[in-house]
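Asks: Sequence:
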Amino acid sequence: MTEVATRPIAPVTLEGAHVRLEPLSLARLEDLLAAASESRETYGWTWVPDTAAAMREYVEVALDLAAKQQAVPFTTINRATGLVVGSTRFANFEDHGWKPGQAFYRGAGAPDGVEIGWTWLAASAQRTRINSEAKLLMMRHAFSHWGVRVVRLQTDSRNSRSRAAIERLGCQLDGVVRAHKAAADGAIRDSATYSMLESEWPAAEAALMQRLARG
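Counted from 1, the sequence shown has number 158 at position 158 by my numbering; the numbering is strictly sequential.
Because the hints were derived from the structure by calculation, they are not lab data.
Since the model is a prediction, treat every value here as computed from it, not as a measurement.
Yeah, the Cβ is synthetic: ideal placement off N, Cα and C, and Gly gets one too.
Hints should not be assumed to be uniformly reliable.
Between beta-carbon pairs, the in silico distance windows are [said to hold, decoys possible]: (1) Ile188 to Asp95: 27 to 33 Å; (2) Arg79 to Pro11: 16 to 22 Å; (3) Leu26 to Glu200: 34 to 40 Å.
Kindly generate the complete structure, drawing on both the sequences and the hints.
Replies: Following this line, the structure appears as structure tokens:
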């Protein structure tokens, strides 16, 4: 039995060479809207707020979830420029109900799994190291700090670009959940669901770090 100290689901800043993920806040509303107002051609499968009112609601809902320890939302910042370039978050924490004394119990409040998602980037930050490094920082935090057993990601099954990016992280396809939710384009969305297991993370982390070093 491996037990981890109780580590709260709380706001945190994660920083790498190319990106800084800082806690989402209303103070960044204008910056987030500016990032979302760049070319929106790649947002066909992802809902991204496009007005000041929509962005405020987006942030307020995320902060409400954070206050309930149901999410850890971030503002994504390009370290090279200092500019806000998007947002991402942890959410859907999983508790498998282990009890003290059971083999897989890791301590009170230690989540068994978490989803990374709600990710969008300004057009200028897409196809850069920012998204890959952000995922590296988030998965490292999830596995090392919270001690989760699995990190999950999902996307619209039609979003080949997003699916390819998730697969490059080393995540495995679990399947497609049909008629899962409303899609960003108003259709009924089938969701491609992926996961990274704790046992798979060391090799995936090493590969991702090498890829980031190569550029």
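Asks: Which hint numbers doesn't this structure obey?
Replies: Hints that this structure does not satisfy do not exist here, as all of them hold.
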